[in-house]
Amino acid sequence: MTRGRIVNQIRTLRFLAGEMSQAELGQAIGVTRQTIAAIEAGKYSPSLEAAFRIAQVFGKPLDEVFRWEPEG
Amino acid sequence: MPYREKIAWMSLAGLVVCYVPYFALTYRSPLLDRPLPNLELMALFAAAAGGNALWVLVGRLILRTTTPPEERGPGDERDRAVDRRAVAIAYNVLIGCALWFGGVLPFLATGWHIVNAMVAAVVVAEFVRYALTVRGYRRGLA
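Sequences listed follow chains A and B, in order. Here the first sequence is numbered in my numbering, starting from 1 and rising by one per residue. Here the second sequence is numbered in my numbering, starting from 1 and rising by one per residue.
Check each hint, because a few of them may be wrong.
[Said to hold, decoys possible] Partial list, computed: chain A residues near chain B (C-beta under 10 Å):
(1) 28
(2) 31
(3) 43
(4) 49
To be clear, the hints were calculated from the coordinates, so they are not data collected in a lab. Positions of the beta carbon are idealized from the N, C-alpha and C atoms, including for glycine.
Bound-form chain B, shown alone:
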């Protein structure tokens, strides 16, 4: 398995492990409706984001030490093509979500609901990026 595909799998797992519990917890509890400054929600978000950063850091360290140096060198043209396509589509997902949440959500929700939706947009775009990276390596770019 290419080094960058391993990184994409690891990053995907990190997003699921850290952000699915965060969004499940925030949308199932009355946390989003509390008045500003909503320190509990901020602490929860900090835990999710910090946990994800730690996951990625440790994951990259493990992959770096377990992958032969010749396989983790600078990316070649296929790596760049896979990344370019994944980033391009993820960017469109992010822009689409931002337009939807920024243009429509202010009429339907308030405060942290909108902020959380924007955080979700970033997480979804990241998920799409890594998922498409994996797909690019496994199924090809055709």
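Next comes chain A alone, as it looks inside the complex:
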């Protein structure tokens, strides 16, 4: 199985959304500020539902917010 990691554009999208705070985004999708920070830092991969919710907040398709990168 190919190993990889999930990268995301949440920090950029928050900036483009008028410097939306992590707390505001968290509140919009029903998670804490710390969880948004962990997702941005790549320490936590959100559930599929949370990922869709994040994409919906920014009005973007899922693959513009999250991307899977194979290692190596």
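Once you've looked at the hints, dock chain B against the given chain A.
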């Protein structure tokens, strides 16, 4: 720091503060070899367990009053994922210890040595749970 990570740190400290002296004292003294009912050992264990319960109670009260309400609400999916992984591994540690102590120790030891080993198994499993909770928050689940 997430509220539940603070609770895990506090619980870890409580286990170390209350149970390390207990096990150090019981294994370094002849307390374990005394005949039943070993009231001194039971009193010592009650002090350790009661002290730990008090530590956790006071710790949770302090954390509850010093953490903003929006940060100590019901856990979200990350909290549940961190807890699920920590509990799953700690459960395996507990089962492993129980099988070892229950299956092997009766041939090597008797009485309170076995009881104390089972208590140690529970404490070790709890320690693993909280340590993995902290690790889950700090290093991620990947």
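Violating hint indices (sorted, rising): 1
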